[in-house]
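Chemist: These protein sequence lines are chains A and B, in that order. Last residue of the first sequence: number 507 in this note's numbering, and the count goes up by one each step with no gaps. Last residue of the second sequence: number 396 in this note's numbering, and the count goes up by one each step with no gaps.
Each hint should be verified, as a subset may be incorrect.
[As the list claims (entries may be wrong)] If you only want the chain A side, here are some residues facing chain B, beta carbon under 8 Å, derived:
| hint | residue |
| --- | --- |
| 1 | A199 |
| 2 | L201 |
| 3 | T205 |
| 4 | W218 |
| 5 | M228 |
| 6 | P237 |
| 7 | Q238 |
| 8 | N251 |
| 9 | V254 |
| 10 | Y371 |
In case anyone wonders, no lab produced these hints; they're calculated from the structure. Don't be surprised by glycine CBs; every beta carbon is placed ideally from N, CA and C.
The lines below spell out each chain.
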Amino acid sequence: MTNSIEVKDLTLNFGAVSVLKNMNLNVAEGEFVVLLGPSGCGKSTLLNCLAGLLEITDGQIFIKGQNVTWAEPSARGIGMVFQSYALYPQMTVRGNLTFGLKNARVPRDQIEAKVARAAEILQIGPLLDRKPAALSGGQRQRVAIGRALVRDVDVFLFDEPLSNLDAKLRSELRVEIKRLHAQLKNTMVYVTHDQIEALTLADRIAVMRGGIIQQLAAPQEIYNRPANLFVAGFIGSPSMNFLHGATVDGGRAFRLGDLSLSLEGYEGGTVGSRDTVILGLRPEHLVVQDQAEPGVTIPAMVELDEPMGADSLVWLKAAGTQMSVRVPVERRMAPGTQVHLKVDMAKASLFDAKSEARI
Amino acid sequence: MADAALNAPARSMTEARGTKPKRALSGRNIMIYGTLIMFSLYYLLPLWVMVMTSLKGMPEIRMGNIFSPPVEITFEPWVKAWSQACTGLNCDGLSRGFWNSVQILIPSVILSIVVASVNGYALTFWKFKGSDIFFTILIFGAFIPYQVMLYPIVILLREMGLYGSLWGLVLVHTIFGMPILTLLFRNYFSTIPEELFKAARVDGAGFWAIYAKILMPMSLPIFVVAIILQVTGIWNDFLFGVVYTRPEMYPMTVQLNNIVNSVQGVKEYNVNMAATLLTGLVPLFIYFISGKLFVRGIAAGAVKG
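Only chain A is shown next, with the shape it has when bound in the complex (with noise of 0.2 Å):
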């Protein structure tokens, strides 16, 4: 596959705040690329980098095989989205999307062609006489992904496009995007703080902290086999367990004070005996029981249970530690009772404590 996008060493600093540290990441095309972290992470800054709305300090930036590292914004072959919508409000929908095309210079015919397919589209047609304040979160938001749509570019770029939009809204646009990616097949680049946009429409995850990508990969992949211990605090909600303890017996068994669990079927490099680790274990990988088994379970105090409608969310008092356990909802858990937590090594990850980094 050819890259649509690439950036190499990209480096962007604000006077002596270092923004984007010597960046790099390349985007197939057609891939659908979510950029999450925290706010302040630099996601939004590196967005607006690749369109040309800031310039870079150092580094390259190639779209479609071209240098775009210093061209306007109009001619990287990209077509963006804000979060605020941005339309123009003094002109009609028909206006806001013809806009760059009419700066283009595209012939009229050829302008109508294109509205008439984004409006088919995006279903806008009987908006196009409309100004945006007589049109509903919803619709600006489709005439904004409208906007960037007419311009036949290569590349979309997503900044927060659903943040501005109520729960159920959101899910339905973000369903819309996901299926026009599928029919357009454009390359996505999508700037979110929402772990759940970013696990159902991203075909690879970057998550961000500190203007440094933290990890790039699939959905699965980040949700699985996090690569250090900020991606596997991040992603998921109820957020994963985290036991802080040692590995032991040449990093056979995992030892914190009196408990001992076997890393038997642990995926992943060679553990070896240290003295500071961390055992992460998501609430979705643990199975409550009643009975210990040696090596596999952790005993663990019932505290709190939270009905969530389709499952409950228990918390537990467990090696010194609160953890959550996700269970079925028709097994409600009265505060006190003793309990046993089942590990699935398979699907547990190791972190080195001073390092951070998944072993």
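Could you slot chain B onto chain A? The hints should help.
Modeler: Just chain B, lined up with the frame of chain A:
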């Protein structure tokens, strides 16, 4: 009351509800309206005297009752003020000054607003290195007294060959309007979301296209405010008009002064009053037609600093 309510429960639907209506003539209202009326009278009195005096003949004025309405209404003072009053050797009244003022006003207003709005636009969206310092220096200009700069500007205009010409005065008005107008436009533009500007750039619009096609149509209120500020400011200007132009180009204010302050012959109070009212009509007219937009624009421009 309680009995009545019990006996006629059906009536309760139609009975009055909510808080008791206030009487129109409460003590509070009398206080408020009384004060307001008194202040309005106080401020309207000079206008009343001017209008009445301008409609009287000289014999009636000499009788002294300045507050009384004219016994015999005459429009002759208005005609005289407009077309016959003498300043020096010219006896064609204020009309010459009026047209001079119009000639000064129109290019000054257009030029100063175009320059200041582009300034504000560039300082908001196209920040360059040192743009904040540039803005600070520009704003600082608003606090320097005009008198300090009078003479240096005379020299400057002379060197440029513009001294005494209409364009020299236009240039002076443009420069002196710039600090406050730039501030006004910058503040207004900074309330416009930056994403809109970014979207326009992605759409391939350049510096001027974004200004003319995106921002200008969105910023009508602030342009109205700027027009009002500039029209009244430039129309009422006396100092620059008298310093930087020649007598045949004097604006209306200077000519008004020359008519009112002429020392020869009798003081024609009625003509003076009519001339003053005529001079004040233009700003007054502007305020009346654009009052609502003015308030809206001022409020919008004042939000962010």
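Chemist: Give me the numbers of the hints this structure contradicts, sorted from smallest to largest.
Modeler: 3, 4, 9 and 10
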